[in-house]
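Novice: Here is what each chain is made of, one letter per residue.
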Amino acid sequence: MMDAFAVGFMNQGLTPSIWVVVSLGLGVFLGGNLIYAAIISAVFAGIGFPLVWGILGGSMPRSGGEYVYNSRIIHPIYGIAQSFGDAAIWLMWLYVLAPLAVDPGLTMTFNYLGWTGAANWLTDASWHTFIMASIFNVVGFLFVVFGIKIFARVQKIVMFFGIGGCLLIGIVLTITSRASFMSKWNTAAAANHGPTYHAFVNQVGVAAGQVMPTHTNWGATFGTMVAMSWLFAYAYSIAFIAGEVKRPDKSIIWANTFAIAVPFVFMLWIAIVLYKTVGFQFLNATAWNDNNGNTLASMAHMPHGTNFIDLAVYSLGSSAAWARILAALMGLSYVAFTVWWLALSYLAFPRILFAWGMDRMGPKWFTDINPRFASPVKNHILCLVLGQSLLILYYAALHNQMQNILLTGMQVTSVFIPTAIAALWFPYSKRAKGVWDSSPYKKWTFLGLPVVVWGAAVDLVYLGILFYYFAFNAAAKQFTGPGLILFVGVWVLGVIWYFSWSAYNKAKSGMDISAVTYGELPPE
Amino acid sequence: MIKLFYVTDIHGSNVCYRKFLNALPIYGADVAVLNGDLLGKVLIPMVEKAGGGWECHLMGMYTEMNTEQELADVKKIIENAGYYWVHQTRDEFEATKADPKEIDRLFKHAAYERIQQWLELADERLEGKSCQVYICPGNDDWWEVDDMISCMKIVKPCDNLVVDIDGHEMVSCSRSNPTPWDTPREESEEELAAHLDELCGRVKNYEGAIFNFHVPPHGYSLDLCPKLDKDMKMSAEEKIHAGSLGAKQVIEKYQPLLGLHGHIHESRGAQKAGRTLMINPGSEYSEGILKGVIVMLDKKKVKDYVFTQG
Chain A
1 MMDAFAVGFM
11 NQGLTPSIWV
21 VVSLGLGVFL
31 GGNLIYAAII
41 SAVFAGIGFP
51 LVWGILGGSM
61 PRSGGEYVYN
71 SRIIHPIYGI
81 AQSFGDAAIW
91 LMWLYVLAPL
101 AVDPGLTMTF
111 NYLGWTGAAN
121 WLTDASWHTF
131 IMASIFNVVG
141 FLFVVFGIKI
151 FARVQKIVMF
161 FGIGGCLLIG
171 IVLTITSRAS
181 FMSKWNTAAA
191 ANHGPTYHAF
201 VNQVGVAAGQ
211 VMPTHTNWGA
221 TFGTMVAMSW
231 LFAYAYSIAF
241 IAGEVKRPDK
251 SIIWANTFAI
261 AVPFVFMLWI
271 AIVLYKTVGF
281 QFLNATAWND
291 NNGNTLASMA
301 HMPHGTNFID
311 LAVYSLGSSA
321 AWARILAALM
331 GLSYVAFTVW
341 WLALSYLAFP
351 RILFAWGMDR
361 MGPKWFTDIN
371 PRFASPVKNH
381 ILCLVLGQSL
391 LILYYAALHN
401 QMQNILLTGM
411 QVTSVFIPTA
421 IAALWFPYSK
431 RAKGVWDSSP
441 YKKWTFLGLP
451 VVVWGAAVDL
461 VYLGILFYYF
471 AFNAAAKQFT
481 GPGLILFVGV
491 WVLGVIWYFS
501 WSAYNKAKSG
511 MDISAVTYGE
521 LPPE
Chain B
1001 MIKLFYVTDI
1011 HGSNVCYRKF
1021 LNALPIYGAD
1031 VAVLNGDLLG
1041 KVLIPMVEKA
1051 GGGWECHLMG
1061 MYTEMNTEQE
1071 LADVKKIIEN
1081 AGYYWVHQTR
1091 DEFEATKADP
1101 KEIDRLFKHA
1111 AYERIQQWLE
1121 LADERLEGKS
1131 CQVYICPGND
1141 DWWEVDDMIS
1151 CMKIVKPCDN
1161 LVVDIDGHEM
1171 VSCSRSNPTP
1181 WDTPREESEE
1191 ELAAHLDELC
1201 GRVKNYEGAI
1211 FNFHVPPHGY
1221 SLDLCPKLDK
1231 DMKMSAEEKI
1241 HAGSLGAKQV
1251 IEKYQPLLGL
1261 HGHIHESRGA
1271 QKAGRTLMIN
1281 PGSEYSEGIL
1291 KGVIVMLDKK
1301 KVKDYVFTQG
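Residue numbers (this note's numbering), protein chains in the order written: chain A, 1 to 524; chain B, 1001 to 1310.
Simulated from the structure, these hints should not be mistaken for lab results. Some hints could be false.
[To be verified] Only some residues are given here: those of chain B computed to face chain A with a beta carbon under 10 angstroms:
#1 TYR1027
#2 PHE1107
#3 HIS1241
#4 LEU1245
#5 GLN1249
#6 GLN1271
#7 GLY1288
#8 MET1296
#9 THR1308
All figures in this text were calculated on a predicted structure; none of them were measured in a lab. Each residue gets a CB set at the ideal place from its N, CA and C atoms; glycine is no exception.
Bound-form chain A, shown alone (with noise of 0.2 angstroms):
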């Protein structure tokens, strides 16, 4: 219980979580109130993810992930065709995520220790990055290539430094007052001829065309719930694992709520603290400026961005021993969720090709099983290769295209949306009867109609927000050029990789292999 809530806690990513959605949430959205988006979001995500989610996982605890399930209640074809995006998706995130462990991450932790030459050193060249991202890559590989013994072991230490240094915010954030934090930011300001707490907002406003709003825009809370996403939607890690947890019918459900419920209250709490702290307009300001490359002139000089961990950093108001290793405490919180993150990839990725291969829809080494480590050895090295390869092809040609929300919106079309769905026809699929007559939740009703049936519906709706807003909003729109071949793209080459496979299955053994894998048998 304690490894999978882990699991799906971990893969929320606290710290780099709050700073996408305060910085790039809000950032986009201007006048988003986060605490009202941290709530509903967790509202719809909290009903509707642990149910969608723990029921189909408890149901059918089989590592794999969600292709198991969408496989087994709508078809093998639907199945493969979004659980090729996803796979897709987690070899994507390789590249996106080990590039912002270095910068910001590592930048920024070295920066808040006055090791400038250093954090300089990671960003003048871009091999420099590229080479302490492909260490962080292969540290990844390394922390889940031995075995779940080793990935659990590693995961507690991670998580205590992630969980630490995010507490450290929160409680820096807490006990500055606006008065406080103003005179810090003024002080350093004038230390640094940055600009004063007004002359920031007034400058960012003529920088971004409008006035920083002073109170709530409910289109555009609705809006930083896309960002939010990141906090709340990710949890669904567990199901990578489902087969590997003890008590899969209690211990999934649990801990898909958990690892929603604690992020949820660190969001809310740090929202809180930063409204009061820095107050609403000044937030506003500094979410534009760093989701538009801290680039403001006056800016240049001052000592740290405008993220929400600088925030904290500016409200320590020293520059003293203590503060500085309390400042790369918090920084080392953005590096470890970030690259556990990409631990996680490598804990997901081998074990969808592991459910491909058992169901002969991939090579026969997709099932190997290294007897010493008790992991698929095999499948984490191809990980790891192409993992890097998209690392070199990112830093070589690609740089800014396909990055963080695209690939949340290529998850909510590829996976959360076909999985809701999937959920929800999961109680009338005749595909699945047999399934869901031994499932612990066949007896969950509410009103008449089974609960998993109204856990999909909440989670519909949320992902119907998310869906708008990324796919349709202005701010955020992502169905062009790009996003929409990469979208429509992995879905026709699942679809070919399942035909190709069924083709060569039959031609080799004789046999319709998706009728002897997929289909069900006559149980009278």
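Following the hints, put chain B in place on chain A, whose structure we already have.
Specialist: Relative to the frame of chain A, chain B by itself:
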């Protein structure tokens, strides 16, 4: 080429057994082997209530049945999960609770009745069909089960025997190395190794031979299971090898064409040991899912294999 369908560890599950019989024509199997464990592990008393109806505890939940239909529905759930049921009055239930021998007797009665029904159903459904069906118990099955299998018309026993499957010699062993549960067919590693060596020594042609051992060989990926602590609780993060060293020895020594194994439900997979392909199809009997494997055998090679579930 022959198509061999192999299933293991259905542990009393009615629905899995029926699916096994139904799968034979659907998968077009020439030969089928149902390996143990055949017996279930749980007996559920269905106790008469004072005001009419019945009550029981099923999967940790208190369950009431007020009509014959409800009773039949719950019995079906019990049977499909591999459990057994017994009707009792409140007085019988209270008396039985304090009498382990009576519990044992009731359990064996229910278990043997289920096996007898299964075997009769197989004879009925397989009559006139070309598929050969072998049943071999596992370490959880009492020795009496062998006698029941050997009395059948169509289903054939194979434990402790070398049988011919279209030119492939198949040698089968139901015994296991020691387990934490002290089951009926356990032997020390030394005894098991000697027994397996003697059994495998009877094979004439190893090139096409099939070793059907309930226990997988030690140290491969087919015998990985969660480590148990002193309270018999499973570890989620630590796996150990629970297979037999004796099985490993004879497989590595004789190098048969194929090794078929079960015992460790969660270690579904296939692995090579030299020229021998070893397979454990795993088991999810309690969910009513029949897991198996179809192996396509040429004279001297495994042409292909496919894991199945339904």
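Novice: Hints first: check each against the structure and report whether it holds.
Specialist: Hints versus structure:
{"no.": "1", "hint": "TYR1027", "in the structure": "holds (6 angstroms)"}
{"no.": "2", "hint": "PHE1107", "in the structure": "violated (22 angstroms)"}
{"no.": "3", "hint": "HIS1241", "in the structure": "holds (7 angstroms)"}
{"no.": "4", "hint": "LEU1245", "in the structure": "violated (14 angstroms)"}
{"no.": "5", "hint": "GLN1249", "in the structure": "violated (16 angstroms)"}
{"no.": "6", "hint": "GLN1271", "in the structure": "holds (7 angstroms)"}
{"no.": "7", "hint": "GLY1288", "in the structure": "holds (4 angstroms)"}
{"no.": "8", "hint": "MET1296", "in the structure": "holds (6 angstroms)"}
{"no.": "9", "hint": "THR1308", "in the structure": "holds (5 angstroms)"}
Against the hints set out earlier in the document, violations occur for numbers 2, 4 and 5.
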